[in-house]
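Chemist: Note that the protein sequences, when read in sequence, are chains W and A. Note that the first sequence covers residues 72 to 446 in the working numbering. Note that the second sequence covers residues 72 to 446 in the working numbering.
If you're looking for bench data, these hints aren't it; they were derived computationally from the structure. You may find that some hints are simply not true.
It does not matter which identical chain is used: a pair holds within one copy or between any two.
[To be verified] In silico lysine to aspartate or glutamate, EDC-like type, Cα no more than 16 Å apart, as pairs:
hint	residue 1	residue 2
1	Lys-218	Glu-446
2	Lys-78	Asp-92
3	Lys-436	Glu-76
4	Lys-445	Glu-199
5	Lys-78	Glu-95
6	Lys-97	Glu-81
7	Lys-419	Glu-275
8	Lys-107	Glu-131
9	Lys-215	Glu-433
10	Lys-103	Glu-81
11	Lys-436	Glu-85
12	Lys-103	Asp-92
13	Lys-172	Glu-425
14	Lys-97	Glu-82
15	Lys-218	Glu-275
16	Lys-367	Glu-104
17	Lys-367	Glu-76
18	Lys-366	Asp-266
There are 2 protein chains.
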Amino acid sequence: MAGAEWKSLEECLEKHLPLPDLQEVKRVLYGKELRKLDLPREAFEAASREDFELQGYAFEAAEEQLRRPRIVHVGLVQNRIPLPANAPVAEQVSALHRRIKAIVEVAAMCGVNIICFQEAWKKLPWTEFAESAEDGPTTRFCQKLAKNHDMVVVSPILERDSEHGDVLWNTAVVISNSGAVLGKTRKNHIPRVGDFNESTYYMEGNLGHPVFQTQFGRIAVNICYGRHHPLNWLMYSINGAEIIFNPSATIGALSESLWPIEARNAAIANHCFTCAINRVGTEHFPNEFTSGDGKKAHQDFGYFYGSSYVAAPDSSRTPGLSRSRDGLLVAKLDLNLCQQVNDVWNFKMTGRYEMYARELAEAVKSNYSPTIVKE
Amino acid sequence: MAGAEWKSLEECLEKHLPLPDLQEVKRVLYGKELRKLDLPREAFEAASREDFELQGYAFEAAEEQLRRPRIVHVGLVQNRIPLPANAPVAEQVSALHRRIKAIVEVAAMCGVNIICFQEAWKKLPWTEFAESAEDGPTTRFCQKLAKNHDMVVVSPILERDSEHGDVLWNTAVVISNSGAVLGKTRKNHIPRVGDFNESTYYMEGNLGHPVFQTQFGRIAVNICYGRHHPLNWLMYSINGAEIIFNPSATIGALSESLWPIEARNAAIANHCFTCAINRVGTEHFPNEFTSGDGKKAHQDFGYFYGSSYVAAPDSSRTPGLSRSRDGLLVAKLDLNLCQQVNDVWNFKMTGRYEMYARELAEAVKSNYSPTIVKE
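Let the hints inform the model, and build the full structure from the sequences given.
Modeler: Structure below.
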C-alpha cells in the first residue's frame, strides 16, 4: 500500500486517462462535472506562500420562477498539527490558532460564508486541550474570526462542561457571522474501534440533532464516526439541514475506501449537501499505546489521509483535497438544488418513517424476535 | 454522454493506468483487491456460446478458532428482454424462461448456491405478466430450477394477489434449494420518479422486512427503489440478513452515478453483503408515454446500464458486470466476514436505535417542530 505520498485519486486519473474516457469515468464516479471556481489570484498567492492547497468548485441548480438562487460559499479546512504532539499544550494551541487564522484569511478572500474545521481541530483527545464551548479561548478566537470576516464558523473542539461535573464532550461550536455563539452540538456516536479509544474520553452526545439557522442557510454537524450511521444524517435532514458538515479524523488503513462512499450516500439519501473533512499528517505521541489487537505497541495512528470533499444531493461531488497537504476547499452551492432533487427523487415523501419508528421501537426491545422465515 | 457502448469503468481503468497507480486507484475505489475465481472452462464456453458475460470473484475472511468458514456462492443475473416489448406476452415469457434457464445452468456449473434475477425479471409493469407468487407459472418454473440444481432462487416478479381483490404487487419469491416456496417479500418503497410511474401499478409492500433462513445463510431482498432508503437496508439487517439482494431496473441518465454508492454504503453500514443487480438494454414500447417533465413523448426509458456488483461489509466490492451485455456474476462469500467486521466497527452496538425510534416517532407527528437553533 502506498503511503501518504500518493497525492490523490483525481490527479492520477487526470494524468493517465484520455479525455473521452476521463469524462465517462468522472460521470460514473462523480456525477456531472463541476465548474472550477474562478478564485482571486491573491488567494492563490497567499495559499502558496502559506504552503497549503486551495481548490474551488461550483455546484449549480436550475433557475426557478419564484425563488432566486440561494448561493452560499462553504470552506473546508484540513491541516496537520503544526507542532509535535509533545510540545507544550499552550504552544500547540497558539500555533494552531495562527495556522487557522492564515487559512481563514484566504477563505475570506474567496468569499467564504461558512467555514468548518476538522474534528477536534485543536488535537486528538488530551484533557488539557478541553475548554468551555461558550467562552473558552478557542471559541473567543473563532468569534473574532467570524465577526472580522462576516463568516459563520464551525469549530469542533474538546469541550469541558463545568456546569455538569466537568465532563468532557466531543463538541462542535457554531458561531454566527455576527460573532455570537449560535449554539453547540455533540458527537452522537462514539467509536469503539482499534486505536480510537474515544469511549474512555467522552460519552455519546445528549443534544439530539439540532440544526442551526444561519444567514446563509440551515446547517448541522455530524461529527466523525457519526458518518457511519445513516440514521444520524437522516435526523439532521429531517430537522431541516441543507448542509451537513462532517469534521473527521480518520486514517488510511482503517477507512480510506469507506471515505468516498458514506458522506456522499448521505447527500443522496437526504437531498442535502454534505462536507466531509479529514485531517492530514502523522502524529507521534510520547507514550506508546496499543489496542490489544495483536499489533505491537506504537506511537502513532498511521497517517490521516485528508481527501476532504463536498457532495451534492444530485450525486455530484468535488474532487478531494490532497491526501497529505494542508488545504482549503471552497465550494459554491446553490441551496435550491436540495428541493429540486427532492422533487425529482422524493425520498422523504416515500420514506415511510412511521413504519420504521414502529419497527425500530420493537426491534430494541429485549424480547424482540426478528422476522425470520424458515422452511 | 457516451451511451451503452462504453463497456465499463473497470475495463477503462485496467487499460490505461500503470500498475502501481491502478493498485492505488483500486484500493481507494474498491477496498482490498479480490481474487478472481477459478471457474470451470465449460462454464466459460457455455457462456460464450450463449453470448453472455461470466465473471467470478472471491471475498475472503480471517480464519477463526471456533467457527469454520461459512462459504456461499451467489449468482447475480443481468439480462435484456429477449423479445421486443410488443411481442405476445406468452412468447415473451417463454423466451425469458429459456434465457434464464441457460444462464442458471452455467451458474450450476460454477457451484452457485443462491441465485437472484433482476427486478420483475419477466418485464416492466404490464398487468398480463402478473401471476401468483405461490403457484404461478414462473414460480413453478423456478421451483424446477431450484430443485434440479440444489440452488436457492430469488425470483422478483409482478404478483397478482387473488386472495386480496386481485391487487398487484412488486414481489420477490424466495424458493428453497429443496424446491419449496420459502416465502415472499414485497417492494417497500415505490418510486414516484420521472417515467417510472410504478405508483399507478402497485402499492408499498405490506410484509415488513422478512429475512429468509436458507441452508446457505440468511438472505433478504430489497427491491429496486428501496436501495435509496437506508432504513430499509437497516431493518433487513436488524432482522439478521447476511446477504441483501437488490434486484433493480434503472437507467443511465437517472441514476448511474448513484449506483456504485448506495448498495455499497448499505454493506458498510450494516456489516453485511449486498448484491446490486440491474438489467441491460433499451426497451421500446408500442405506445408513447410522457411524464409531464418537459420531455417529448417517447417510446423508451433510455438504456438500462447493467453494472451489477457485489459489495462486502469491509467496503471491498467486485467490479461491475458490463454496462450493455447479459451477464452472470458469481461471488464466493465467507459469511464469517459479517461478524468479523461487526466486531471491529461496531455500528450496531453504537447505533443508538432507541433514540432514533423515539425521534422518528416524534418527527412524523403532524405538529412536530424540528429542532432549529436561531440567533
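Chemist: Given a CA cutoff of 16 Å, do Lys-445 and Glu-199 count as a within-copy pair, a between-copy pair, both, or neither?
Modeler: neither (56 Å within a copy, 31 Å between copies)
Chemist: One pair to classify: Lys-367 and Glu-76, alpha carbons no more than 16 Å apart. Within, between, both, or neither?
Modeler: Neither, since 24 Å and 51 Å both go past 16 Å.
Chemist: Treating 16 Å as the Cα threshold, decide for Lys-107 and Glu-131: within, between, both or neither.
Modeler: within (11 Å within a copy, 41 Å between copies)
Chemist: Within, between, both or neither: how does the pair Lys-78, Glu-95 come out at a Cα-Cα threshold of 16 Å?
Modeler: Answer is between: at 10 Å across copies they meet the 16 Å cutoff, but 22 Å inside does not.
Chemist: At most 16 Å between alpha carbons: which applies to Lys-97 and Glu-82, within, between, both or neither?
Modeler: both (12 Å within a copy, 14 Å between copies)
Chemist: Classify it for me, Lys-103 with Asp-92: is the Cα-Cα distance of at most 16 Å met within a copy, between copies, both or neither?
Modeler: within (14 Å within a copy, 24 Å between copies)
Chemist: Please work out whether the CA atoms of Lys-97 and Glu-81 approach to 16 Å or closer within one copy, between two copies, in both situations, or in neither?
Modeler: both (9 Å within a copy, 13 Å between copies)
Chemist: Is it within, between, both, or neither for Lys-103 and Glu-81, if the alpha carbons may be no more than 16 Å apart?
Modeler: within (15 Å within a copy, 19 Å between copies)
Chemist: State whether the alpha carbon distance between Lys-218 and Glu-446 is at most 16 Å within one copy, between copies, both, or neither.
Modeler: between (67 Å within a copy, 14 Å between copies)
Chemist: How would you classify Lys-172 and Glu-425 at a CA-CA limit of 16 Å: within, between, both, or neither?
Modeler: Intra 46 Å, inter 41 Å, cutoff 16 Å: neither.
Chemist: State whether the alpha carbon distance between Lys-78 and Asp-92 is at most 16 Å within one copy, between copies, both, or neither.
Modeler: between (21 Å within a copy, 11 Å between copies)
Chemist: At most 16 Å between CA atoms: does that hold for Lys-366 and Asp-266 within a copy, between copies, both, or neither?
Modeler: within (10 Å within a copy, 54 Å between copies)
Checked against the numbered hints above, the structure breaks hints 3, 4, 9, 11, 13, 15, 16, 17 and satisfies the rest.
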